[in-house]
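Got chain A sorted already, so can you dock chain B onto it with the hints?
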Amino acid sequence: MRWLRHNGILIYAGIAIAYMLLPLFVIAVFSFNDPAGKFNFTWEGFTLVHWENVFSLPDLNEAMAHSLQLAAFSTVLATVLGTLIALALVRYEFFGRRPANFLIVIPMATPEIVIGAALLSMFLIYGIDLGFTTLLIAHVMFSISFVVVVVRSRLIGFDRSLEEAARDLGAGPFETFRLVTLPLIAPGVVSAALLAFALSIDDFVISNFNAGDYVTFPLFIFGASQRGIPVEVYSMATILFIVTVAAMILTVWQQRRAERMASVRPEPG
Amino acid sequence: MRDTVRHRLIPYFLLGPGLIWLILFFVIPLGYMGELSLRSGTLGNFVFDWNFENYTDSLSRFDSQFVRTFIYAGVATIIALLIAYPLAYAIAFRGGRWKNALLLAVVVPFFTTYLIRTIAWQTILGDSGFVVDTLKTLSLLGDDGRLLATPTAVIAGLTYNFLPFMILPIYASLERIDVRLIEAAKDLYSSTRQAFWRVTLPLSAPGVVAGTLLTFIPAAGDYVNAFYLGSTNQAMIGNRIQALYLSERAYPTAAALSFTMMVAILIVVFIYIRFAGSEALMGEEDER
Chain A
1179 MRWLRHNGIL IYAGIAIAYM LLPLFVIAVF SFNDPAGKFN FTWEGFTLVH WENVFSLPDL
1239 NEAMAHSLQL AAFSTVLATV LGTLIALALV RYEFFGRRPA NFLIVIPMAT PEIVIGAALL
1299 SMFLIYGIDL GFTTLLIAHV MFSISFVVVV VRSRLIGFDR SLEEAARDLG AGPFETFRLV
1359 TLPLIAPGVV SAALLAFALS IDDFVISNFN AGDYVTFPLF IFGASQRGIP VEVYSMATIL
1419 FIVTVAAMIL TVWQQRRAER MASVRPEPG
Chain B
2 MRDTVRHRLI PYFLLGPGLI WLILFFVIPL GYMGELSLRS GTLGNFVFDW NFENYTDSLS
62 RFDSQFVRTF IYAGVATIIA LLIAYPLAYA IAFRGGRWKN ALLLAVVVPF FTTYLIRTIA
122 WQTILGDSGF VVDTLKTLSL LGDDGRLLAT PTAVIAGLTY NFLPFMILPI YASLERIDVR
182 LIEAAKDLYS STRQAFWRVT LPLSAPGVVA GTLLTFIPAA GDYVNAFYLG STNQAMIGNR
242 IQALYLSERA YPTAAALSFT MMVAILIVVF IYIRFAGSEA LMGEEDER
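As given, the protein sequences belong to chains A and B, one line each in that order. Start counting the first sequence at 1179; every next residue gets the next number (the numbering used here). Start counting the second sequence at 2; every next residue gets the next number (the numbering used here).
Chain A on its own, in the form it takes in the complex:
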């Protein structure tokens, strides 16, 4: 009884984690399903066909290519813009920092549907054709705030004396940034970029409003859901999942290693 009272919370945590992972498990299992009809909802039997043919649906391939392309462009832009903002907020005292902070927090606290609807309203009023460009504008917009938050949290523990040392040793401001600042904040920037990529490739709501005829992976799924989602989508989602998790574990591991190497510096006191 004592044991249960002591460890009950761990058992609970195990169950909660299992619950969180259950849908991922279901998706992976159903990618091996052999559904009788068009709908992949009930288990009918095991087959590898949909894994063998995972890249055989041209529309699905095109949607995935669109998603990857969009995520790549949006990640680069949002990471650059967001990192610059984070640098300004952490490094400088200036007039207007509170409103600037506010402007960065508020999009994260706005429901996606409002962001999507507002952008669509503006595009409608100006008669702008929806497509890749409008999607890129939207994805960069909602990614910036998240990039700022991630990079800023990394910058807060940043040792400025290293930059001062570089300046004392005759490095110019740009050299200092390239040779000292950037390598030190790189782990934060990489984490932020990964997050921006994940946000973009997963976005449905804002894309739903601003895509026009441009079909991304989530939009393909939405479009297909009325007539039955091909099993290949489950396989593709599993691949995407494995790749992103691997990328994340790899960067965390890399950063740990870098931190261990950087901690060779003498202990204070």
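No wet-lab data here; the hints were simulated from the structure. Treat the hints loosely; a few may be bogus.
[Claimed, not checked] Which residues of chain A face chain B? A few of them, derived with a C-beta cut under 8 Å, are: (1) Leu1188; (2) Ala1194; (3) Met1198; (4) Val1227; (5) Ala1287; (6) Leu1298; (7) Leu1347; (8) Ile1407; (9) Ala1415.
[Said to hold, decoys possible] Computed far set for chain A versus chain B, every beta-carbon distance over 10 Å: (10) Thr1288; (11) Ile1315; (12) Pro1365; (13) Asp1380.
On a predicted model such as this, the values are computed, not experimentally measured, just so you know. In this text, a Cβ means the ideal position worked out from N, Cα and C, and glycines have one as well.
Relative to the frame of chain A, chain B by itself:
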């Protein structure tokens, strides 16, 4: 002298491009949405004429969806809090060397496409699925009972999909607690239970406030869960906005409805912050 002027301008050069992007594509579009919401006319020829009827119309036409939206999002937020707090507590205080693996497990659902996760729940809660079968065996559900197309399924989906937003801030605030404070309470003869209610819980309040907001706001604006797990009887405001913009093309009504929803959410959030204290929200911002 010129150098200090230049130095003063540096932060504005750094902020400029990003903030201009946010102003052009977030702030200004909200203004245009407001303008669109006051137009009248038919598709292809909407004219701006301060038509406030769009607001009264949309409120009276969709009042039931409004009420439903706030009930669903509120219930989902409370359930998510009840699931998340013990889990965050276990990870923060009992996680040991498994802490990072457990945190990874919490965020990992985000790495699968949102729609696919929701569709997976459609399978799990499906009419011939394992959950419905079990409930029928236990006679908790009638023979022709189903979970899909019920409020239960929509709320379950909302709870699941936004759960990590609840867990992470609570975990972050629990992690930051100085364990010596809890030990001090125990040294001063408080029971484990008292120490939790009087020390741990109040200190983790900022995480709870942030987590409930981060769950409630997206849940209130969601239409994916109601679309896949509900029927038209479970339609939320998001579903109506989406349909009005994208299929009915009744743009002024759609814009008015979006605006009303945004304001309604802001009011709820504002009352909540008043009630819960604002330090929790501003805490992160001042942390430099």
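Each hint tested on the structure:
1. Leu1188: With a minimum Cβ separation of about 6 Å from chain B (threshold 8 Å), the hint on Leu1188(A) holds.
2. Ala1194: 4 Å, holds
3. Met1198: Holds - the Cβ of Met1198(A) comes within 8 Å of chain B, reaching about 6 Å at its closest.
4. Val1227: 19 Å, violated
5. Ala1287: 6 Å, holds
6. Leu1298: Status holds, d = 6 Å.
7. Leu1347: 20 Å, violated
8. Ile1407: 7 Å, holds
9. Ala1415: 5 Å, holds
10. Thr1288: Nearest chain B Cβ is 7 Å from Thr1288(A), so the label is violated.
11. Ile1315: Given a closest Cβ separation of 5 Å, the condition is violated.
12. Pro1365: At roughly 15 Å from the nearest Cβ of chain B, Pro1365(A) sits farther out than 10 Å, so the non-interface label holds.
13. Asp1380: 6 Å, violated
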